[in-house]
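Put together the whole structure using the sequences plus the hints.
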Amino acid sequence: MPTYSTAHYFLETLVDLGVDYIFANLGTDHVSLIEEIARWDSEGRRHPAVILCPHEVVAVHMAAGYAFATGRGQAVFVHVDAGTANACMAIQNLFRYRLPVMLFAGQAPFTLHGELTGSRDTYVHFVQDSFDQGSIVRPYVKWEYTLPSGVVVKEALTRAAAFMHSDPPGPVYMMLPRETLAEIRDEQQMPGYPPARYGSVKAGGIEPARAHAVAEALMAAGNPIAFTAYLGRNPDAVAVLDRLALACGIRVAEFNPVTMNIPQDSPCFAGADPSALVANADLGLLIDTDVPFVPQSVRAADALRWIQIDIDPLKADIPMWGFATDLRIQGDSAIILQQVLEIVEARADEAYRKKVRRRIEGWHPIREAVEAKRRSAAAQKGEPGAINPAFLFARLRALLSEDDIVLNEAVRNAPVLQQQLRRTKPMTYVGLAGGGLGFSGGMALGLSLAKPSSRVVQIVGDGAFHFAAPDSVYAVSQHYRLPIFTIVLDNGGWQAVKASVQRVYPDGQAQKADAFLSQLRTGRQDEQRHFIDIARAFGAHGERVSDPDRLDETITRCLRAVDAGRAAVMHVDIVPL
168 MPTYSTAHYF
178 LETLVDLGVD
188 YIFANLGTDH
198 VSLIEEIARW
208 DSEGRRHPAV
218 ILCPHEVVAV
228 HMAAGYAFAT
238 GRGQAVFVHV
248 DAGTANACMA
258 IQNLFRYRLP
268 VMLFAGQAPF
278 TLHGELTGSR
288 DTYVHFVQDS
298 FDQGSIVRPY
308 VKWEYTLPSG
318 VVVKEALTRA
328 AAFMHSDPPG
338 PVYMMLPRET
348 LAEIRDEQQM
358 PGYPPARYGS
368 VKAGGIEPAR
378 AHAVAEALMA
388 AGNPIAFTAY
398 LGRNPDAVAV
408 LDRLALACGI
418 RVAEFNPVTM
428 NIPQDSPCFA
438 GADPSALVAN
448 ADLGLLIDTD
458 VPFVPQSVRA
468 ADALRWIQID
478 IDPLKADIPM
488 WGFATDLRIQ
498 GDSAIILQQV
508 LEIVEARADE
518 AYRKKVRRRI
528 EGWHPIREAV
538 EAKRRSAAAQ
548 KGEPGAINPA
558 FLFARLRALL
568 SEDDIVLNEA
578 VRNAPVLQQQ
588 LRRTKPMTYV
598 GLAGGGLGFS
608 GGMALGLSLA
618 KPSSRVVQIV
628 GDGAFHFAAP
638 DSVYAVSQHY
648 RLPIFTIVLD
658 NGGWQAVKAS
668 VQRVYPDGQA
678 QKADAFLSQL
688 RTGRQDEQRH
698 FIDIARAFGA
708 HGERVSDPDR
718 LDETITRCLR
728 AVDAGRAAVM
738 HVDIVPL
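Residues 168 to 744 (this note's numbering) are what the sequence shown spells out, left to right.
Straight-line alpha carbon distances no greater than 16 Å define the calculated EDC-like cross-link-like pairs of lysine to aspartate or glutamate that follow:
#, residue 1, residue 2
1, Lys482, Asp334
2, Lys369, Asp479
3, Lys618, Asp570
4, Lys522, Glu512
5, Lys592, Glu569
6, Lys309, Asp334
7, Lys592, Asp571
8, Lys592, Asp409
9, Lys618, Asp571
10, Lys592, Asp432
11, Lys618, Glu569
12, Lys540, Asp440
13, Lys592, Asp570
14, Lys369, Asp499
15, Lys309, Asp479
16, Lys369, Asp334
17, Lys618, Asp187
18, Lys482, Asp457
19, Lys618, Asp730
20, Lys592, Asp403
21, Lys548, Asp714
It should be emphasised that the hints constitute simulated quantities derived from the structure, not laboratory data.
This one's a predicted model, so the numbers in the text were calculated from it and none came from an experiment.
Set out below in structure tokens:
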């Protein structure tokens, strides 16, 4: 029988698991995998395509974008402890997104004197040997393992895939010692572990009694409300929520949304301000949301009856959560809401439907006032050197398609973007789920890879742009022909830092002296800030716009470049912090 290395069986299992891509930042620990990929290529054997990423934060976020679009986890290769550390922030984001990914890192060789193939043969193999490499990402992965022997590689990978895809999905981490990847084994020693028999566990619906209880509560309520943030990760759930909201007269708000959860042209869409809804409500739904509101800002919520429906209702990986719920339900929100909807539709008589229609019609003046306020904000252009973000986002709304995918990393301007740049179709909006800025560049590339016929638009603050390893983003964009449109909002620093100080110390010394340590530009005559040059270095189209009257023509040229297959970056000078 033929014999092969562990690396061969590793690749074989990735193929069996349906992995399409390996997003890689390689090092000395990957020699056996590199050799095996080269051998497979020489034989014309198919394996997951390798996407080389000059920085790990881009590799992991690319895997996130691909998983967001497809629901399928991919492989990411990073280099020992150093690559794991670089990947950690992005892994934290994927953990909070609940997106599947398999993160693989080599380990420094454990033999020192050439005893085994792969033994230490260079300086870094000594200094990269750490006591607990897995601790770097342990808080942010569902499962962690060090491969002890090549004989179990197929079983271990199949188990890793089962964990990452089981609800709620998320990252897994496996460490691969160099000698282990180089082990040679007879093919007879390596039985298969088919995913169909060792697969993931999916959430489902609920028993009829609880579905009836939710339906009865909604039908009895005079002013029900719902808050959601990531329900839209399942496109089917969006339509079900909208239908249930229309059937029961529920106003739906998105606070810090991760996805588009209800079409913004729905009469039941109520914006992003939960406090405006709680005061007059008599029943609240929390549906797939980690932070429905900030408790100290919405104290009236304590008096409300709440029903929670969530893939992850306990938030077991958030040490303190603190939101009271009277009925807590774990499951697939699309299935559960469909169960509730069917009960409501069966029970509703003409009198109930008429009452709900009147309730929804009564919201019309509120929606008209909100729209008038939006238009008024959008009409304020700003001035040269200080473009109003609301005006910018309104012009984007006019020039983009509603099929375009928008990534919102505008940070302090994120709520303004939500108000101005309407999204009405599932999977066309991506917000920040985790605590690490710098996600939108890599995720935009991953989305473009998964959906090559879609236009992907990244909107990012200047501070967050620094975190995204933008040179790596545009290097990958050029290398793999993944055109994305990036809009950098330059206000000169970190508005979020300044605002946080003002909230805690509104009359403090920092406020009096305007000393918030958040400025990223000095104002010196010789100072330069040319974000577009980073992208131009890797073949992207780049333009800077300071005059609001030039926005339309600049956006149009950038879109033309993207549609022709070239990344574009538009550096916009907005109102400074």
